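Colleague: Take a look at the letters that make up each chain.
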Amino acid sequence: MSGNGFLQICIYVLALLIITKPVGLYMAHVYENHPIWLDRLFGPFERFFYRLSGIQTTDGMDWKRYLIAMLVFNFFGCLIVYGIQRLQFYLPLNPQALSAPSPELSFNTATSFVTNTNWQSYGGETTMSYLTQMLALTVQNFLSAATGMALLIALIRGIRAHESSNLGNFWVDTIRGTLYILLPLSFVFAIFLGSQGVIQNFKSNQKITLLHPISYQQAMQDQAGHVMNDANGNAKMQTIHMTEQVIPMGPVASQIAIKQLGTNGGGYFNVSSAHPFEDPTPLSNFFEMLAILFIPAALCYTLGVMVNDRRQGWALLAAMFLIFIPFMCLAVFEEQQGNPAFTSFGIDQMAKSNLFPGGNMEGKETRFGIINSALWATATTAASNGSVNAMHDSFTPLGGLVPLWMMHLGEAVFGGVGSGLYGMLLFVIITVFVAGLMIGRTPEYLGKKIEPYEMKMASIGVLIMPLIVLFFTAIATVTKAGVSAIANPGAHGFTEVLYAFTSMTNNNGSAFAGLNTNTPFYNMLGGVAMLLGRYWIAIPVLVIAGSLAKKKVVPSGEGTLVTHSPLFIVLLASITIILGALSFLPALALGPIVEQLMLWGQYGH
Amino acid sequence: MIKAIFHEIKPALVTLVIFSFLTGLIYPGLVTCVAQLFFPWKANGSIIEKNGNQVGSLLIGQSFIEDNYFYSRPSATSPFPYNGESSSGSNMGPSNPDFLKAIKERTNQLQKTSLSHDLVPVDLVTASGSGLDPDISPLAAYYQVPRITKLRHLSEIEIKNLINKLTQERQLMIFGEPRVNVLQLNLGLDELGK
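Going down the list, the sequences are from chains A and B.
The letter at position 507 of the first sequence is residue 520 when you use my numbering, and the numbering goes up by one with no holes.
The letter at position 108 of the second sequence is residue 222 when you use my numbering, and the numbering goes up by one with no holes.
This is chain A alone, in the form it adopts within the complex (with noise of 0.2 Å):
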């Protein structure tokens, strides 16, 4: 790695730290109701807005009420993104006049953007119109991420409350997390994109006069659009002459700051953050990759904050740096080192610092080389974000297993906004259990008895996911339409497969986008995937909530596990990765690694 390469992931990472504190602290302020300054901007609406939908603010829910609330809530939202899709033609702001998508895709997005996942079946710019990237998708990103952020209130609620079973209000969780969190730094994040060149306009796509004509060759279709065959059985060509090209337009930069910050990562295009109207500069590029993990990182000191003991947030943010940082590394490191393929060929792979990125540039922007693909790779799947900047399935064999990996692990590594760490404290649960049976004691965290309930239920919480993933994929590759969807030949279409379900399942939307997903296989199980992985996580959580808060609270004792220790944080780590491992190396065996040993056992020499 070059000094500039390791200078600008050290920036990375010290900005992230920079924020966590008072960003952390600021939400916690949002949500323990502290007086803050942006009250007086937003005050007024909001208790407008509970007047208006009768919403008692005062009113406490238990973990029953908190469910429901969501899960109405949800279905709703779910049903509203269906129908504005279903009707796009007939709505306003549709200049290129696309039509309606069909059933099982618009089922597929609505879903996805519902649960925070944002996988997209399609190509943004042919199939959605403005309306519908506005007033379906933006919201959802919003709200859906606002949801995510709410349940981890009250899981925070749940563990410092005492013999109550009052987990707080879900509406006003999830408004104030909206109104004072989410909209406000999306407004700011969306006009500093503004300023580097993200577009945002209402225009229709616009021509240009192209400086040197280009012209290719095209079958030629009769009138029913059948491919016309000459008397050998070839398709006729024809040569089409281009003077012309099409510049896209619409609202851009409004969707990418809150797809950022609500780890949604829905691109507007189809390429997502790699289209240069989306990610234009190296500085906006920087603020992005920030922003996938500025919200996830920063709430662990907002439970720090909460639980009254900020070395708690700290040590669990300790904990997902000491299993991000090696993998980021490592993606860097297989990413710049190329494909051993090309040095046969006369390719130069070698960087030259203020000349050339080098290494596998397959799939890369010229302005982002290596470093920042690699490591908005790694950030975008360590926290459910999912939008990417490089086209992972032509990543190296091990490279393309960094963002496979961090998935596996649950998507508890920052993870989504509120679902990462809501995921991480089951994880923590599981720690402390198995370290009180090795050292004999009852285990506790944050002075509330962990017993085998919340262990159970912790269990069906993380196992669920590689249930699920390892069970959709095993149906996908035996059967003809799982199979026809598949891109690559041999272990790299597995790892399509593969990493198409672990996508959806865990809630984070990128892809190994060869894998044509647009089939109506692939949008019911992935959808039905999406909402297994979002709420079969979540309700566990909120029982773990609701079972936490009726218990005392016991004053820490000389016998008692100390959760902020840098042992502690290390075992917390080793138990996150252990479990990925043992769930599934042998999927990832048959996938990446095999194809590491065999593109390098043919040309490595």
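Quick caveat, the hints were computed from the structure, so don't treat them as lab data.
Keep in mind it's a predicted model, so treat the numbers as computed, not measured.
C-beta: ideal position from N, C-alpha, C; glycine also.
The reader is advised that the hints may include incorrect statements.
As a list, the in silico BS3-like pairs of lysine-lysine whose alpha-carbon atoms are at most 30 Å apart [stated by the list, open to error]:
no., chain 1, residue 1, chain 2, residue 2
1, A, Lys216, B, Lys164
2, A, Lys564, B, Lys117
3, A, Lys563, B, Lys117
4, A, Lys365, B, Lys264
A short list of chain A residues far from chain B (calculated; beta carbon distances all over 10 Å) [stated by the list, open to error]:
no., residue
5, Val26
6, Phe102
7, Ile260
8, Pro261
9, Phe346
10, Ile452
11, Lys462
12, Leu544
Computed beta-carbon distance windows for the label pairs [stated by the list, open to error]:
no., chain 1, residue 1, chain 2, residue 2, range
13, B, Ile132, A, Glu176, 46 to 54 Å
14, B, Leu151, A, Lys565, 55 to 63 Å
15, B, Ser230, A, Ile488, 21 to 29 Å
Dock chain B against the given chain A, drawing on the hints supplied.
Modeller: Relative to the frame of chain A, chain B by itself:
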């Protein structure tokens, strides 16, 4: 249970309607106003003009395959390269035989026309992620200097100066990679004369 569900329907619907309005219309609308007011050129696609004609966006690459221009990177958009309406990478896996064959062909093709004995810079034979990458690395530009010098009857110094002038350094000296915009390079070439 049923009663509990019905109890939450009103807040759910009111929240969805009001927040759809707020985050789905007012927020993008407000961002549009600010962006159009302060960065109108950028908000509308960074489109540049030459002799009163719109000749391209600085951010969206164009396909240059003529030997007397700087080549842009290969593009995997369909049905033709640099299709602004349908961004896409190749999504070819690193061990895919078809992919390796295509790379080999591109490399051979470049070596034939380049008049340079250096190794081929990797960005000139690999497709970008978006298929719309407007840039090439400075090394990829220098690699093409001998060919363009010969075809345009210009001096090597002139062309190298053009590259140096148009090279964008790392942003704030730190972020990203150095790069040259291919459209700017080729507009510059035309200005130098054929």
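Colleague: Now tell me, hint by hint, if it's right for this structure.
Modeller: Hint-by-hint comparison with the structure:
Simply put, lysine 216/A and lysine 164/B have alpha-carbon atoms about 22 Å apart, close enough for the 30 Å limit, and the pair holds. Annotation: proposed proximity of lysine 564/A to lysine 117/B holds, straight-line Cα distance about 28 Å (limit 30 Å). Of the pairs offered as hints, the one joining lysine 563/A and lysine 117/B holds, with about 24 Å between alpha carbons and a cut-off of 30 Å not exceeded. Only pairs whose Cα atoms come within 30 Å are accepted, and lysine 365/A paired with lysine 264/B is accepted, the gap being roughly 26 Å.
Every C-beta of chain B lies more than 10 Å from that of valine 26/A, the closest at about 14 Å, which supports listing it as non-interface. Distance check for phenylalanine 102/A against chain B: the nearest CB is about 18 Å away, which clears 10 Å, and the non-interface claim stands. A beta-carbon of chain B comes within 10 Å of the beta-carbon of isoleucine 260/A; the shortest separation is about 5 Å. Not every C-beta of chain B lies more than 10 Å from that of proline 261/A, the closest at about 6 Å, which undercuts listing it as non-interface.
Interface exclusion of phenylalanine 346/A from chain B stands, the closest Cβ pair being 15 Å apart, more than 10 Å. Against chain B, the non-interface label of isoleucine 452/A holds: every CB pair exceeds 10 Å, the least being about 42 Å. For lysine 462/A, the condition that its CB be more than 10 Å from all CB atoms of chain B holds, with the nearest at approximately 29 Å. At roughly 18 Å, the least C-beta separation between leucine 544/A and chain B is larger than 10 Å, which holds for a residue marked as non-interface.
Restraint check, isoleucine 132/B to glutamate 176/A: a C-beta distance of roughly 36 Å breaks the suggested window 46 to 54 Å. Range check, leucine 151/B to lysine 565/A: about 58 Å between beta-carbon atoms, so the 55 to 63 Å window is met. Between serine 230/B and isoleucine 488/A the beta carbon distance is about 52 Å. The supplied range of 21 to 29 Å is therefore violated.
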